[in-house]
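Asks: Construct the entire structure; sequences and hints are all you get.
Residues per chain, in single letters:
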Amino acid sequence: MINLTVNGQPVTVPDGTTVLQAVRAAGVELPTLCYHEGLAPYGACRLCMVVITAPRHALVASCAYPVEEGMVVETNVPEAATARHLALEFLLSRCPQSDVIREMAAKEGITTSRFGAPPPERADELCVLCGLCVRVCREAIGAAAISFIGRGMERRVGTPFDVQSDACIGCGACAEICPTGAIKMEDQGNKRILHTWHTTVELHTCPQCGRFFVPEPMSFLKEMFPEIEDLWALCPECRQQRAARQWIEQRATSPV
Amino acid sequence: MPLIAQPPPPAGGALLAKLHAINAEHGYLPEEELRHAADELNVPLSQLYSAATFYAAFSFKPRGRHTIHVCLGTACYIRGGEKLLEKLETTLGVKPGETTDDRAFTLETVHCLGSCSMSPVIRVNGDTYGRLKADRLPRILKKYRGQET
Amino acid sequence: MKVHSRSDLETLRADGLSTLYPSRLKISVGMATCGLATGAAAVYDALRDEAAARGLDLMLIATGCLGYCQQEPLVDVRMPGRDRVLYARMTADRARELIADLARGELPAEGALAVIPEEKEPPAGLEPAGGLPLLNELPFYARQRKIILRNCGLIDPTRVEEYIARGGYQALAHVLLDLTPQETIDEVLGSGLRGRGGAGFPTGRKWQICHDAPGQPKYVICNGDEGDPGAYMDRTVLESDPYSVIEGLTIAGYAIGARQGYIYVRDEYPLAVERVTQAVARAEELGLLGDSIFDSGFDFSITIVRGAGAFVCGEETALISSIEGGLGEPRPRPPFPATSGLWGKPTVINNVKTLATVPVIISEGADWYAAIGTENNAGTVVFSLVGKVANTGLVEVPLGLTLRDMIEGIGGGGLNGKAVKAVQTGGPSGGCLPARLFDLPISYETLTQAGSIMGSGGMVVMDEDTCMVDVARYFLGFTMAESCGKCTPCREGTRYMHEILTRIVEGKGTPEDLDLLEEVARWVKTASLCGLGQTAPNPVLSTLRYFRDEYEAHVVEKRCPAGVCRALIRLVIQPDLCTGCGLCKRECPAGAISGEKKKPHVIDPELCTRCRMCYDVCPVGAIEIVK
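Chains as they are written, first to last, in this note's numbering: chain P, 1 to 256; chain H, 1001 to 1149; chain X, 2001 to 2627.
For the record, the hints were derived by calculation from the structure and aren't laboratory data. The reader is advised that the hints may include incorrect statements.
Chain H regions said to be covered by chain X (calculated; three or more residues, Cβ under 8 angstroms) [to be verified]:
| id | stretch |
| --- | --- |
| 1 | 1046 to 1056 |
| 2 | 1121 to 1131 |
Pairs of lysine to aspartate or glutamate, DMTMM-like flavour, derived with a Cα cap of 20 angstroms [stated by the list, open to error]:
| id | chain 1 | residue 1 | chain 2 | residue 2 |
| --- | --- | --- | --- | --- |
| 3 | X | LYS2585 | H | ASP1135 |
| 4 | X | LYS2002 | X | ASP2015 |
| 5 | P | LYS184 | P | GLU202 |
| 6 | X | LYS2585 | H | GLU1089 |
| 7 | H | LYS1083 | X | ASP2465 |
| 8 | H | LYS1083 | X | GLU2506 |
| 9 | H | LYS1143 | X | ASP2045 |
| 10 | H | LYS1083 | X | GLU2587 |
| 11 | X | LYS2585 | H | GLU1086 |
| 12 | X | LYS2597 | H | ASP1135 |
| 13 | X | LYS2558 | X | GLU2499 |
| 14 | X | LYS2558 | X | GLU2506 |
| 15 | H | LYS1143 | H | ASP1101 |
| 16 | H | LYS1133 | X | GLU2587 |
| 17 | H | LYS1061 | P | GLU154 |
| 18 | H | LYS1143 | H | GLU1089 |
| 19 | X | LYS2558 | X | GLU2624 |
| 20 | X | LYS2525 | P | GLU139 |
| 21 | H | LYS1061 | P | ASP162 |
| 22 | H | LYS1095 | P | GLU154 |
| 23 | X | LYS2525 | X | ASP2513 |
| 24 | H | LYS1142 | X | ASP2367 |
| 25 | X | LYS2146 | X | ASP2076 |
| 26 | X | LYS2146 | X | ASP2367 |
| 27 | H | LYS1083 | X | ASP2604 |
| 28 | X | LYS2585 | H | ASP1101 |
| 29 | H | LYS1083 | X | ASP2616 |
| 30 | H | LYS1083 | X | GLU2624 |
| 31 | H | LYS1083 | X | GLU2606 |
| 32 | X | LYS2345 | P | GLU139 |
| 33 | H | LYS1133 | X | ASP2513 |
| 34 | X | LYS2627 | X | GLU2552 |
| 35 | H | LYS1133 | X | GLU2552 |
With the Cβ distance kept under 7 angstroms, some of the chain H side facing chain P (calculated, not the full set) [as the list claims (entries may be wrong)]:
| id | residue |
| --- | --- |
| 36 | PRO1002 |
| 37 | LEU1003 |
| 38 | GLN1006 |
| 39 | LEU1029 |
| 40 | GLU1031 |
The C-beta atom is built at its ideal place from N, Cα and C for all residues, glycine as well.
Replies: Quick look at the structure:
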């Protein structure tokens, strides 16, 4: 176990914990965008900046920095606050239409940005390039259907050649994990459309009620986990109804 | 551990080498070639595409028969590299990244060819020209056009 | 043959000596990229063809770079019984005349620059060649000490025999046959060698950390992604002396326990890629790479990786990412590559020049190296001295020399006699230092304290015709284009700094812009993920610190003191000075100049783009820059 101090408060955490996790364990809040406990730290958004005063003086991104015995962490000293604030101010300038960014910025006292507005073609930009969608698709799901394209100010996320992706399994993890709601996905009849990725996948039909539920490309899971084959036989609602009926029948034949 | 098992990564540098090979053979990166390459290398297409769009050496559009790289590295900039670029832009009628209508020349800028003592410098295909004055440019262009006849 | 022992090396050494110092006429033409860029290929062909036509027995080789790039194409003539003479600025025509003279047994005086002294195996009975200085007496070379560049321009880079003849591979034999890995590390530690890629981290310490770190397999990587515009010393070493890097990398592999090495070379250096690829193949052929080198049981192989045009790949974690699978995206540090690098395994990444130094440290000893240079700054550094300076080229000097020694002593002062205003060190990651600081001794610490960095050794000289605000904008344009875009500060901040600087050079800046510029610069410097972002603001911060008056002139008076910023100048032909030669009219890319022959010409201000081409070409100085 490692003992360290956060904003004057002692806290003890297991070896291998990041400074961000230790800060949160101490009950101190820090904004983050690109951090997710289920994925490897990325260090891109630079919102989680803190100052370490011992064993060395450094301004670091806490999500990726390992704790050390006797470390002293300050989250609200001017050096750290300025680093966070400028990052938020620039993100606000990049995505003025994002409610999420506006709220995060307001929480730190930032309501406007001195750094201008995006060009007209990007006026509705919601993507902050945190990379969570790319990383969840690659590291957690393994489909790797989307990736970063280009570099610098041209950097963006997309499918290869910006066309329908053959690798997408329609799981929607990307839309779920996106912190700003930049990924648009909707189910229309027997299709799941991931608008942002110009990708459409078919939905499996329930033989009982005709509703569409699980994306067809996810059927590979049946081979991987034969025990869940049952989940394809009926849609969740029909399964629930069947379970309820079975329970009632059981009660009818063997009353309490 | 991802849900969908991943094959072992390709050997160090193999992905870059493959992109270079395609670029050398076709002069750019055609979509079909990239799709085949991803299968061959056993990497996700998105990874290969990501790398292909990241580097300045690769183009997704066919290039001219000759590529002119104008160096705008520090030493070349200080000694007038921009003027060479302007002269080429007016002579050829294209901006950096573009190809002339007759497909003879593609104009590109590059940040440092490593011939800084000879600034300003341009490179045409594999040939480097240093200590260049703008008045030599027409002759150099003519040499490459002449090679084709 | 395969090399199994030191005596096998002797065989190769004898072969190398026979071609380094043959008993027939030998001419070496400098044909590294610099030489080729100034017409060395035509010189080579002319020498070969003329000698053949005259039936002159000639050993003609293409060598690497001697460093005196200002004088390229350089031709080294070794006539048996005579001094060895170096000819400068050779042309194809003069080359043919040279052959004619040599056929008559004469060494011509025209174009002769110096005599190259032969340190080893000097031939007997030299006849002096008429009052020429020795090479190391020339002001350009007098204070230089060639360790990293020891073989450049003096050997055929394709012949390992010549590398061995000049001492090569003795170090590797000693390391594999006589020393343990720890003893090898101790030697490098004791020498005080610091990484020559720019950060200056003690090389021995990095090797020790990696050696001690758990994890197998381990890797060693040579970082040849020399992206700094203005720096080309890594290219020179790879083109002119590739075996020194291969030997250094092999020694590093032995020291840390790695069996696989990589050499990552920039795509923009095709000749370097070619030379090092060929050298690796030849080393494998001879058993100097592969299984059980020198029968020691140590296996080592090298894979060459060619970059693809991304400055950020010179950053070590981005380089690793590039080798692993494609894009060059930096990663948070810690962990550092020495403990967790390529595929998460302990990895040593060293710069080309660092590795080229290692064999010499092993051969001559740690103490010998530590005695060169100054306290904490041992050894020599290679600078590329370029820009508005009279003598441009590669300069290798012991640390501790001053900037003035470099720029005035070796460089010969400003080009065309103009006053030198500043020097930019460390490439786009470095800063601009004003002339009043030129008595600073050069070391990692002094340059950092002054607001710049050592970097890879780029040294760009700027004169009174350089606008420092324009220079800052130029560098930001570079870093903005090369930013990978991953982290917010570098991606958004470099773009914004460039935007402000563009406003300023266009005459639309305000004094508040300067404060905003500085605020954003400090943030990008402290909050960025990797070295690219962390150093991108240095040109801005150093020019604001030392040349604030130029910034203020731009934002307050809307004036460019150096007469560069196009929106703030006008070009006018002075009619009483103009001879009507028409040169400016021919050269103007915008067609803005009109006039009849021998009559004063006129610039149309509506068409003029103020590129200053006319100012540069006018033979009588009739063009005035109105600020």
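Asks: Each of the hints needs a verdict: does it hold here or not?
Replies: Hints versus structure:
{"no.": "1", "hint": "1046 to 1056", "result": "holds (count 7)"}
{"no.": "2", "hint": "1121 to 1131", "result": "holds (count 7)"}
{"no.": "3", "hint": "X:LYS2585 with H:ASP1135", "result": "12 angstroms, holds"}
{"no.": "4", "hint": "X:LYS2002 with X:ASP2015", "result": "15 angstroms, holds"}
{"no.": "5", "hint": "P:LYS184 with P:GLU202", "result": "17 angstroms, holds"}
{"no.": "6", "hint": "X:LYS2585 with H:GLU1089", "result": "18 angstroms, holds"}
{"no.": "7", "hint": "H:LYS1083 with X:ASP2465", "result": "15 angstroms, holds"}
{"no.": "8", "hint": "H:LYS1083 with X:GLU2506", "result": "18 angstroms, holds"}
{"no.": "9", "hint": "H:LYS1143 with X:ASP2045", "result": "18 angstroms, holds"}
{"no.": "10", "hint": "H:LYS1083 with X:GLU2587", "result": "10 angstroms, holds"}
{"no.": "11", "hint": "X:LYS2585 with H:GLU1086", "result": "15 angstroms, holds"}
{"no.": "12", "hint": "X:LYS2597 with H:ASP1135", "result": "19 angstroms, holds"}
{"no.": "13", "hint": "X:LYS2558 with X:GLU2499", "result": "17 angstroms, holds"}
{"no.": "14", "hint": "X:LYS2558 with X:GLU2506", "result": "8 angstroms, holds"}
{"no.": "15", "hint": "H:LYS1143 with H:ASP1101", "result": "19 angstroms, holds"}
{"no.": "16", "hint": "H:LYS1133 with X:GLU2587", "result": "10 angstroms, holds"}
{"no.": "17", "hint": "H:LYS1061 with P:GLU154", "result": "18 angstroms, holds"}
{"no.": "18", "hint": "H:LYS1143 with H:GLU1089", "result": "18 angstroms, holds"}
{"no.": "19", "hint": "X:LYS2558 with X:GLU2624", "result": "19 angstroms, holds"}
{"no.": "20", "hint": "X:LYS2525 with P:GLU139", "result": "31 angstroms, violated"}
{"no.": "21", "hint": "H:LYS1061 with P:ASP162", "result": "16 angstroms, holds"}
{"no.": "22", "hint": "H:LYS1095 with P:GLU154", "result": "19 angstroms, holds"}
{"no.": "23", "hint": "X:LYS2525 with X:ASP2513", "result": "18 angstroms, holds"}
{"no.": "24", "hint": "H:LYS1142 with X:ASP2367", "result": "58 angstroms, violated"}
{"no.": "25", "hint": "X:LYS2146 with X:ASP2076", "result": "18 angstroms, holds"}
{"no.": "26", "hint": "X:LYS2146 with X:ASP2367", "result": "17 angstroms, holds"}
{"no.": "27", "hint": "H:LYS1083 with X:ASP2604", "result": "18 angstroms, holds"}
{"no.": "28", "hint": "X:LYS2585 with H:ASP1101", "result": "27 angstroms, violated"}
{"no.": "29", "hint": "H:LYS1083 with X:ASP2616", "result": "11 angstroms, holds"}
{"no.": "30", "hint": "H:LYS1083 with X:GLU2624", "result": "18 angstroms, holds"}
{"no.": "31", "hint": "H:LYS1083 with X:GLU2606", "result": "19 angstroms, holds"}
{"no.": "32", "hint": "X:LYS2345 with P:GLU139", "result": "19 angstroms, holds"}
{"no.": "33", "hint": "H:LYS1133 with X:ASP2513", "result": "37 angstroms, violated"}
{"no.": "34", "hint": "X:LYS2627 with X:GLU2552", "result": "15 angstroms, holds"}
{"no.": "35", "hint": "H:LYS1133 with X:GLU2552", "result": "34 angstroms, violated"}
{"no.": "36", "hint": "PRO1002", "result": "3 angstroms, holds"}
{"no.": "37", "hint": "LEU1003", "result": "5 angstroms, holds"}
{"no.": "38", "hint": "GLN1006", "result": "6 angstroms, holds"}
{"no.": "39", "hint": "LEU1029", "result": "11 angstroms, violated"}
{"no.": "40", "hint": "GLU1031", "result": "6 angstroms, holds"}
This entry does not satisfy hints 20, 24, 28, 33, 35 and 39, going by the numbered hints stated previously.
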